[in-house]
Each structure stands twice: as C-alpha cells, then as structure tokens.
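Quick note, the sequences are listed as chains A and S, same order. If you read the first sequence in my numbering, its first letter stands for residue 1, the second for the next number, and so on. If you read the second sequence in my numbering, its first letter stands for residue 1, the second for the next number, and so on.
Hints were generated in silico from the structure; no laboratory data involved. Treat the hints loosely; a few may be bogus.
What the hints assert, rightly or not - Facing chain A, from chain S, some residues (calculated, C-beta under 7 Å): (1) Val39; (2) Pro146; (3) Lys147; (4) Ser151; (5) Arg201; (6) Gly235.
Computed from a predicted structure; not experimentally measured. Ideal Cβ placement from N, Cα and C applies to all residues, glycine included.
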Amino acid sequence: MKSWWKAAWLVVLLVVGCLTLTVMPATGPQKLSITYGEPWKELFEPAIADFKAKYPDVELEVTMVPYGVDMVEKVSLDLAAGVASDIIMVDSFMIPEWAEAGYLYPLDDYLAKWPDWEQYYPGMQEIVAFGGKHYGVMIDTDVRMLWYWKPVFEKAGIPMPWEPKDWDDVINTALLIKEKVPEVKAPLFIPMGTKWAEGTTMQGFYMVLLGADTPENDCNRLRDWEAGKWIGSSPAIWEALRFYHDVFYRLKLCPVEPHYVPDVWGEWRRMMREGEIGIGLGGSWEWTEFWPKEELPPVEEREKLLGWAPMPGSGKPGAPKIVTISGGWALGINAAAKDPDLAWKFFEVLFTRDRMGEWLAFAGKIATRKDVTEVPAYAENKYLVDVLKLMDYTTYRDTYPGYSRVSFYVQEATADVAVEGLTPAEAMERFKEKLIEEFGTENVTTCTCICACE
Amino acid sequence: MQKFRFIALCTGPAMALLLLLIVAIGWALYVSFTDFALVGRAARDPQWIGLRNYLRLFRDPFFLHSLDISVKFTVGSAIIGQCLLGLLLAVLLKRKDINAGIKTAVAAAVTLCWVIPDIVVVYVWGAFTAPSGMLNTILGIFGLPPKRWLSEFPLETVIIANIWRGTAFSMILFSSALETVPPVYYEAADVDGASPWQRFRYITLPLITPTILIDLILITLWTFGYFTLIFGLTGGGPGRATEVMPVFIYNQSFRFYKIGYGAALSFVMMLIVGCMCLIYFVLLRKAERIR
Numbered sequence: 001m002k003s004w005w006k007a008a009w010l011v012v013l014l015v016v017g018c019l020t021l022t023v024m025p026a027t028g029p030q031k032l033s034i035t036y037g038e039p040w041k042e043l044f045e046p047a048i049a050d051f052k053a054k055y056p057d058v059e060l061e062v063t064m065v066p067y068g069v070d071m072v073e074k075v076s077l078d079l080a081a082g083v084a085s086d087i088i089m090v091d092s093f094m095i096p097e098w099a100e101a102g103y104l105y106p107l108d109d110y111l112a113k114w115p116d117w118e119q120y121y122p123g124m125q126e127i128v129a130f131g132g133k134h135y136g137v138m139i140d141t142d143v144r145m146l147w148y149w150k151p152v153f154e155k156a157g158i159p160m161p162w163e164p165k166d167w168d169d170v171i172n173t174a175l176l177i178k179e180k181v182p183e184v185k186a187p188l189f190i191p192m193g194t195k196w197a198e199g200t201t202m203q204g205f206y207m208v209l210l211g212a213d214t215p216e217n218d219c220n221r222l223r224d225w226e227a228g229k230w231i232g233s234s235p236a237i238w239e240a241l242r243f244y245h246d247v248f249y250r251l252k253l254c255p256v257e258p259h260y261v262p263d264v265w266g267e268w269r270r271m272m273r274e275g276e277i278g279i280g281l282g283g284s285w286e287w288t289e290f291w292p293k294e295e296l297p298p299v300e301e302r303e304k305l306l307g308w309a310p311m312p313g314s315g316k317p318g319a320p321k322i323v324t325i326s327g328g329w330a331l332g333i334n335a336a337a338k339d340p341d342l343a344w345k346f347f348e349v350l351f352t353r354d355r356m357g358e359w360l361a362f363a364g365k366i367a368t369r370k371d372v373t374e375v376p377a378y379a380e381n382k383y384l385v386d387v388l389k390l391m392d393y394t395t396y397r398d399t400y401p402g403y404s405r406v407s408f409y410v411q412e413a414t415a416d417v418a419v420e421g422l423t424p425a426e427a428m429e430r431f432k433e434k435l436i437e438e439f440g441t442e443n444v445t446t447c448t449c450i451c452a453c454e
Numbered sequence: 001m002q003k004f005r006f007i008a009l010c011t012g013p014a015m016a017l018l019l020l021l022i023v024a025i026g027w028a029l030y031v032s033f034t035d036f037a038l039v040g041r042a043a044r045d046p047q048w049i050g051l052r053n054y055l056r057l058f059r060d061p062f063f064l065h066s067l068d069i070s071v072k073f074t075v076g077s078a079i080i081g082q083c084l085l086g087l088l089l090a091v092l093l094k095r096k097d098i099n100a101g102i103k104t105a106v107a108a109a110v111t112l113c114w115v116i117p118d119i120v121v122v123y124v125w126g127a128f129t130a131p132s133g134m135l136n137t138i139l140g141i142f143g144l145p146p147k148r149w150l151s152e153f154p155l156e157t158v159i160i161a162n163i164w165r166g167t168a169f170s171m172i173l174f175s176s177a178l179e180t181v182p183p184v185y186y187e188a189a190d191v192d193g194a195s196p197w198q199r200f201r202y203i204t205l206p207l208i209t210p211t212i213l214i215d216l217i218l219i220t221l222w223t224f225g226y227f228t229l230i231f232g233l234t235g236g237g238p239g240r241a242t243e244v245m246p247v248f249i250y251n252q253s254f255r256f257y258k259i260g261y262g263a264a265l266s267f268v269m270m271l272i273v274g275c276m277c278l279i280y281f282v283l284l285r286k287a288e289r290i291r
C-alpha cells in the first residue's frame, strides 16, 4: 500500500510543479517572434539587425518561410493552433477573415500617434481595415499586366512595343506566335487551377473578369457590394470562363502541366526566361523575380528581353479599356502577442521612408506610401515610375469574410473549363452551386445574363 | 510488486501516447459535429451543427469522386500491384537456379525503393516522368513519342510509382512466409510429378493465404491513407484526377480552412477502411480454419 501512496504523491507533485511553471510570469529577457517570407528577405534582415542594435535586451526569434511554401496556409494554421509569431505577414485579402477570427491586434492606438501613417495612400489604409479598425500596415502593393518575351516577338515579327487593344488582339498575337515560333510551349500563359491559389484568382481570373463586360451594376466582380451578396453567375463570369476555355482547351495556347508541378512559380519563371512563353499574365514584381537573384541581368539587358503591356478589356462596347488589380502584403501583430507595444517598436524600425524606398526600388514593388517617391532610388527606377501609371486603373479584391472560399471555387472553375473541357455555362453553373452550398441561397445573386450564355 | 513496477515502467510511455491519441481522436470527433474553421467567425465562435457535416459529405460529389479515385488507387497499386509483384519476387528469390548475386542485387534494389523518404520518391518520379525526363528519353531511343505522363495519365503514373515504392514490404513478408512451408510437401509433390504451377497453386498458396490476407490488410490501410506521394507529384490534379481521400481531406481542412468538415471526412474514411479490413478478417478466419 505504501508504494502506492508514494507514487500518487509523486504524480501530484509533478502536476503541481508543471502548473506552477506555466502560470509563473515570464521573467528574464523580453521576447519577440517574427515570421516573414523569403521574397521579403532583403527588407527584414537589415531591419532585424537595426532592431537588435537599438534594443539589445530583446530576444528575437526569427522565422523565414522559404519560397514555394504557401505562407497564408501555414500562418493560418499556426494562428488557429495558437503558435504563430508575435509579428506576422498578412496577405491583404486575409485581413477580414483573420480579423473576424480574432487573430489580429487592432493597431489604431499606435497609428494615431505615428506621423508616417498619413503618408499611406487612402486605398492602402482601407485595405487593412475591417469593422472600423485597422489591423496592419501595408508593406508593398502591386499591379498585374501582360509580360512578353521580346526575342520571341522578334522571331514572330510582331511590332514592339506591343499594345493590345482588346482580347482579340491578345489571342491573335498568341496564335501568331504559335504559328511562327513553334518552339514556344505556351504562346499565352495564364495561371490556372488550385496550385497557384490566389495567383490564379488575381493574375488570371480577375484580370479577365474586370474587363469582361460593361461595368454597369459593377457586375465585373465577384461580389455585389450593394446587395451584400456573392455573384454566382453573370455575363462577366461567363466571358472570363470562355476566355480560359479558349486559351487552354479550344486553341491550346497554354499547356496544362506547368500548373500542377510542385513549384508552379519556379516553373513559370523558368519557362519565361528560357523563351518557352510568348505572353504571360503576371504580377509587377516579376520584373525582378523572373530570374533567381544571382542571375538577375542588369536593367539595360532586361529591357531587351522583357516587355510589358497593360491588360486590355474584352473590347465589348463600354467595357474598361485597361484593367489591373492590386493586392500586397501587410505586417500585423498577433492578438495573442504578450507585448504588443514591443512588437509596435519593430514596426517603427521597419517602416521608415528611406528603408521602404530603397527596398521597394530593389524589389521592383510598388509603394504604399506617398513620401517614398522622394527617395532617389525609387524616383530613379524607370520601371517603377512607368508601372505607377497602372495604379490609376487599379482596384482591389472583393475581400469579405468567405472570400478565400469563393477564390478557391474560382480556381476550380478555371480548371473545369481548361482541363476538363466543360463549357463556360456548365462551369459557371457548378460555381454558382458551390457558392449556394457554401453561403446559402440568400447570399448569392445572379447578374442578368444578356449575352449568349449557352 | 517488483514485477508490477517493471510492467508499469515499460508500458508507461505507451499508455501516455495512447492517452494522447484518445484525446486527439476525441477532439476530432467533437469538432466533426461543429462548423469549426481555421479562419473567420467559425474560428472564434464554432457552433454545434450536429450531423450536418456528415449529411453534407454524402451529397458532396467531390467526396464520392475522391472515394472512387482512392479505391482505384488502392486496388491498382496495393492489392494488385504490390501484393502480386511482392509474391512473384518472393517466389523467384527462393529458387535455387538463379545466381545468388543477382538475387541479392534485386532484393537490395527493391528494398532501397521502400526505405527512401517519401519526398525523395516524389522528386525522383517527378523528374523521371517530366516531359523532358528520363522516361521520355528512353522512349525516344526506341522511337516512341514522348508523352506528358503526369497530365495525360496521372492516375496510372502514381499507381506505378506507388507499386515501385512499396513492393518491398510484401516481398519481405512473403519471403519469410515461404520459409515456413515445410519442404516435405514439395518433395512429395516432386515424387508425384507436379509442375511448378501446380506446386504453387496447391501447396504454396493455401499455406501462405493467411500471410497474404495480413499483407492485404496492412497495405490497404497504408495505401488508402497515403498522402505524400500524390500530394507531391500531382497535388490531386490535373483538375481532380488523382484527388484521393487524404488529399481531398487536406484541401478541405487546410486550404478551405474547414476543420469541422475535414474531421467528419476523416471519420468516414476510417469507417470505410475499417469495413474493408473487416472483410479481410472474415476471410482470414475462413482461411485459418481450412489450415
């Protein structure tokens, strides 16, 4: 009997001891954890070094998420499990869903006292807001356009600079490339399917959707903001799916495999710089990301290889002439962070005009704050100055809680028409049903179909 | 008392793990009756929705489709592929008329395929079946046209990749089972003038049937839940051509953030595999009775 008691006491002591350790206030050095992605390495590493120099007593735990890993997926899981870092990068479209889940710390108190905040473009302030509070500070933004490989265009005899006026121009140019330059595997490359995740929806579908139809009732979108419902079917969605159907299935202007390899981004970039792509729909950051950092050619050489043109609308009367859409990444504070004040101090070190200006120029990303145009490195960057013109035409995603699922269904719809060869009408019907199943009939609407939606 | 303490010490860690497993399974069961999600309102405030997840999945065409693909994958690569090939290899390795060096080399090569990590298998097969990969190069030597294997024949490709990957287990299991057949039976068969096929059909097969069934149970269980190979090679695609159940559950739980639905799917998958194993156990009982 005696050894039973001993064992029992031992267990009780162990349990009590463990509980006490966890409940005790954390003494010792202050700790701060940061997670960022590899594409932003050159921004964060110097900032972290500066922070360490300024606050040597703080113990920093830094995690870099490498290329190829879906950071949104990973950090969402970390947040749900309660193990995410104090400071996290937030893809702007996730702000509503993470804020609604209570994962993000509202920054309004800090922003009110921060002089730099008024430098941020109104759109950039809005994009991080949800329910009247702000949950992040935008690091960069971007636009999307048609990239083209000049050596391929030269071989095909297409005059440059290329300025397509509508979808027919784009498709006809691609068909010309297919005929004249047969070694090009993808005369017109657009992201498709679920492996690109948000890449398909933004660089692919939205770029087509926004210019698909006449924008009355603003039906060239995924959400009817006035009615407060998701759009299940519309002429614009039909046209966008038809574009995909034409490019992939009917005219075979883009092969399907590159969209299913383990690293779709790496493959697309490799294909472009090796001349296997004629025209590609991609983001403004690709100017510096088509090549691995060590191989990046100097600007004069790049200009001879790579050109860009704004994506035109469909050409239907009344449809927008030029379309683009912006996203971008923000930095946020975990709602479960033990010391948000300390985390904010890192924000103050990172978000200085000069640091942002130099990094944005280096990375070829678009500024989210006005004063960056005063930084010489940025002002002298010809590419960035040119691309800034597209900001006049840009819009943002329909980020309302639930958007991430609508986006996934969009990606599946592109695969339905591109891979399985469904007609646009069939794919749109499937898309609408998935939305209804997900959100309920009362939250899904249809914009009247005035086209030949067969 | 000494004995009891010793037993407690040895089984203690196992008990702790078992407890952890029970807690995790219990949590998953609870979550499967809620609308718990990783993001959004349902992350902060999950609601009890009863059987709605379970009712939904039986109406979900993508669930039924992934079940279909899973069955094809399991039957093709495990039940037919690994089991038959493993048996063939085990029988061949027993023959005395094959050079010992060759036998060792083959056994080592097959086993090597089995022990390398999953992700290495993914990259090896990804490179092998790539449009510019080794397979097309070999076909080119014979004058055959190159094909886009992972796009045009995704399910066939992953089935063959899985056969390549897992046959060693069946081979090793059957090898040791063949050792237990008393040579006396074969000698008697030789006296009666039996052909090799007759020896296999009437002596070997009945005696190792229990082993075959055990092998089938194990490889069915493993193959049905095999995630890494397919997720890495095709991601479930193109479209949903290779979306086996584990990949489907992953997409629902971590791409869609619907942990509740994913949990319900996991339990249903467990029940399905459980039923398959039940069939095997019934057959096993019968086989052992004959023996």
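Hint by hint, here is what the structure shows:
no., hint, verdict
1, Val39, "holds (4 Å)"
2, Pro146, "violated (12 Å)"
3, Lys147, "violated (11 Å)"
4, Ser151, "holds (5 Å)"
5, Arg201, "violated (44 Å)"
6, Gly235, "holds (5 Å)"
Hints 2, 3, 5 from the earlier list are contradicted by this structure; the remaining hints agree with it.
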